[in-house]
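Same order as they appear, the protein sequences are chains Y and E.
Each residue of the first sequence is one higher than the one before, counting from 1 in the UniProt record's numbering.
Each residue of the second sequence is one higher than the one before, counting from 1 in the UniProt record's numbering.
Watch out, some of these pointers could steer you wrong.
[Unchecked claim] Simulated crosslink set (DSSO-like; lysine-lysine; CA at most 27 Å straight-line):
| id | chain 1 | residue 1 | chain 2 | residue 2 |
| --- | --- | --- | --- | --- |
| 1 | Y | Lys255 | Y | Lys307 |
| 2 | Y | Lys246 | E | Lys417 |
| 3 | E | Lys22 | E | Lys54 |
| 4 | E | Lys203 | E | Lys22 |
| 5 | E | Lys307 | E | Lys22 |
| 6 | E | Lys255 | E | Lys307 |
| 7 | E | Lys203 | Y | Lys203 |
| 8 | E | Lys178 | E | Lys22 |
| 9 | Y | Lys101 | Y | Lys54 |
| 10 | E | Lys417 | E | Lys101 |
| 11 | Y | Lys22 | Y | Lys203 |
| 12 | Y | Lys417 | Y | Lys22 |
| 13 | Y | Lys178 | Y | Lys54 |
| 14 | Y | Lys417 | E | Lys54 |
| 15 | E | Lys81 | Y | Lys417 |
| 16 | Y | Lys255 | E | Lys246 |
| 17 | Y | Lys22 | Y | Lys54 |
| 18 | E | Lys255 | Y | Lys417 |
| 19 | E | Lys101 | E | Lys178 |
| 20 | Y | Lys22 | Y | Lys255 |
| 21 | Y | Lys101 | Y | Lys417 |
| 22 | E | Lys246 | E | Lys307 |
| 23 | Y | Lys417 | E | Lys101 |
| 24 | E | Lys417 | Y | Lys101 |
The hints are simulated quantities; they were obtained by calculation from the structure and are not laboratory data.
Chain by chain, the residues run as shown.
Protein chains: 2
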Amino acid sequence: MLKLHEGSAADTGQLMAAIGRKARAAVRPLAIASTAAKNAALSAMADAILRNEKEILEANAIDVANGEEAGLSPSFMDRLKLNPARIGAMSDGIREIAALKDPVGDVIAEWDRPNGLNIERVRTPLGVIGVIYESRPNVTADAGALCLKAGNAVVLRGGSDSINSSAAIHACLVEGLKAAGLPEDAIQLVPTTDRAAVGEMLKGLSGNLDVIIPRGGRSLVERVQTEARVPVFAHLEGICHLYIDKSADLAMAVKIAVNAKMRRTGICGAAETLLIDRAVASTHLVPVLEALRDAGCELHADADVLKAFSDATPATDADWVTEYLDAIIAVKLVDGVGGAIEHIETFSSHHTEAIVAEDAAAVERFFNEIDSAILLHNASTQFADGGEFGMGAEIGIATGKMHARGPVGVEQLTSFKYRVRGNGQVRP
Amino acid sequence: MLKLHEGSAADTGQLMAAIGRKARAAVRPLAIASTAAKNAALSAMADAILRNEKEILEANAIDVANGEEAGLSPSFMDRLKLNPARIGAMSDGIREIAALKDPVGDVIAEWDRPNGLNIERVRTPLGVIGVIYESRPNVTADAGALCLKAGNAVVLRGGSDSINSSAAIHACLVEGLKAAGLPEDAIQLVPTTDRAAVGEMLKGLSGNLDVIIPRGGRSLVERVQTEARVPVFAHLEGICHLYIDKSADLAMAVKIAVNAKMRRTGICGAAETLLIDRAVASTHLVPVLEALRDAGCELHADADVLKAFSDATPATDADWVTEYLDAIIAVKLVDGVGGAIEHIETFSSHHTEAIVAEDAAAVERFFNEIDSAILLHNASTQFADGGEFGMGAEIGIATGKMHARGPVGVEQLTSFKYRVRGNGQVRP
């Protein structure tokens, strides 16, 4: 099984420095790798994952046994556990990434200048991407494949609780790279559970990491915010809001509220706060809250809501800034779309917000005045997902505003350069 | 005249914290400000600068007298000194920014999903931008106006040697904001020469700065790289290369080489290294080097070049990584386009590189395999400029690969968000 690197912190420093150098050395061959070569590698990876199902499950069994012994939570264990269906989905996911259009070399914009210069803005890889993640071993496959498709080298640092599973999956990715003649160091997995390795990545591996993508809970995000010396695609929590305007169709409001909260409560696009226009408190509030309650949702309601619907817990200040990731929703009455905007701009994590309304002017204000990555009209917040956006696979939902925002797919893993064609122009 | 903030480091900390809070408070009104209001403000700023020419020149005279007393270099003093023509140009520059298309609200992409959802990617402001710059007082006007056009609040930290000039210009910008009813805090100038203010900005003003744009020499860039805790649009030096391929038209090569180096030697797009294909050493080398020498350029040549052209200084290792910003160029023979690519990928600062060639395959390799912000074919490196690219004004040339790369104009000062329109869709 996996040969873990064991040693002192100084050893981890040397190990990580070497990983950084090897990743940087892979950047140029990857940047000029053909689409065919990258797709051949991805296809071989997908095959290798199916072929090595037994090895992956055996490695996963070690992680699961260790996790049970350590008393990890049921939801954590659920994310950790693999089975043939999940392995098949992982393999299919890589094939879907192979089928995506290669973003590298794509001409994003082109124009001519009066002096005859022709200018193109062309997509390029970013360079070396660091991905720091926690329990889900499938991120190893998803992130490795996505970064490769965009021509990037990647350094993967999975959670220590899933390291055997990740290593078995990573071995399949390396098989694919070898089969296609691409550098093996294009996708590296950090082979140690030493937390110092994360610190080294956050310092940037001596300039050999170009961007870090953290995928994890609040403690990881906070560590990244404090320590990172390289650019980060911030992925904060999703405190997503659903606002039901006085102009909302009631049946639609009920349907969207239940879906936004209850379809899957553990994803970042799940609604966490429900805002209802005070003007329709007498008509819309009770049916929406009854539907949520009947679907198994716990309600944390402000005083005004409690007056109309007593089967709820009084909300506290903490409720407006809590990402429950559970069958709980905070509920509040607001004064129209203006009140909703005010509440959202105060408490949102700028991830995803939705409005149910028939009034076009209210929708327009909601769309213009709220500064979140994704705004939806008459649709569930649970559509906040790269696949649902048609981007194919995604590596997460960025809540920052630099470079990437919203779903991070292959295009968001690229930079660009300018190609300027002349016929002897000099600048006057 | 300017009331400078005087006090202890703790005072500077409080001052900067207040600046950050005021900037953040301006973000929402700016984000929803109409194009008409922003343009009215810009137009009023341009008027105010002309109307206050006398006050600006008087303030500048104080800076110039202080600079002479301090024995600042002639080139520094040249950048510092204002005159009526320069003030007119500053005013015209702001009017040109007013004439640019407003990027905010621009729909960059739009598509439909099979489930009927319509998705738009729409430009938004970035938020609060910090600009740290040195001697040129006109950056106060350019940066302030550009950030406003893109709907951002900006905190300007000019050089201490030009603080009186910058303050006089800033007063005109505030006049313009007031005239248009926009928040005065949209454009703030840091009113202290305490270097601790830069440190506070690099720490991000308690989350109130979204990105920093450093415009300055190596010491500023290094300080930013070490201390910055917020995203930075890196603006490294421009070690720009000109490569003359064996397929180059000789007359064109001579003309472009002289222009790329000598048109203006002090700008970041000036060529600093000349690479000549060994295959045409006997035909192209001497005419190109003679033309450069006759134009007043000093040549630092490698041993192979010296054999064919003795009127040059032997190059040392330092020459390949030096941004002269002067009438000096390093010259080297390379083995075809492959050798040029190898040299450039080793020594370039990834700013701008040009190839003179008639061979389309050589150009293609040069364009594909070099990872610099701007690549040019048969054109001078001195076209590396936002104005020459048709972007209108620019705030600098970014050499990083995150978010902005190449000229940073109004579009590069924006982020985006997604607007999704449905008619009741819930996620299955």
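So, going through the hints one by one against the coordinates:
no.: 1; hint: Lys255/Y x Lys307/Y; in the structure: 23 Å, holds
no.: 2; hint: Lys246/Y x Lys417/E; in the structure: 25 Å, holds
no.: 3; hint: Lys22/E x Lys54/E; in the structure: 30 Å, violated
no.: 4; hint: Lys203/E x Lys22/E; in the structure: 17 Å, holds
no.: 5; hint: Lys307/E x Lys22/E; in the structure: 63 Å, violated
no.: 6; hint: Lys255/E x Lys307/E; in the structure: 23 Å, holds
no.: 7; hint: Lys203/E x Lys203/Y; in the structure: 16 Å, holds
no.: 8; hint: Lys178/E x Lys22/E; in the structure: 15 Å, holds
no.: 9; hint: Lys101/Y x Lys54/Y; in the structure: 32 Å, violated
no.: 10; hint: Lys417/E x Lys101/E; in the structure: 19 Å, holds
no.: 11; hint: Lys22/Y x Lys203/Y; in the structure: 17 Å, holds
no.: 12; hint: Lys417/Y x Lys22/Y; in the structure: 24 Å, holds
no.: 13; hint: Lys178/Y x Lys54/Y; in the structure: 21 Å, holds
no.: 14; hint: Lys417/Y x Lys54/E; in the structure: 43 Å, violated
no.: 15; hint: Lys81/E x Lys417/Y; in the structure: 35 Å, violated
no.: 16; hint: Lys255/Y x Lys246/E; in the structure: 69 Å, violated
no.: 17; hint: Lys22/Y x Lys54/Y; in the structure: 30 Å, violated
no.: 18; hint: Lys255/E x Lys417/Y; in the structure: 25 Å, holds
no.: 19; hint: Lys101/E x Lys178/E; in the structure: 22 Å, holds
no.: 20; hint: Lys22/Y x Lys255/Y; in the structure: 51 Å, violated
no.: 21; hint: Lys101/Y x Lys417/Y; in the structure: 19 Å, holds
no.: 22; hint: Lys246/E x Lys307/E; in the structure: 19 Å, holds
no.: 23; hint: Lys417/Y x Lys101/E; in the structure: 23 Å, holds
no.: 24; hint: Lys417/E x Lys101/Y; in the structure: 23 Å, holds
Hint compliance for this structure: hints 3, 5, 9, 14, 15, 16, 17, 20 are not met, and every other hint is.
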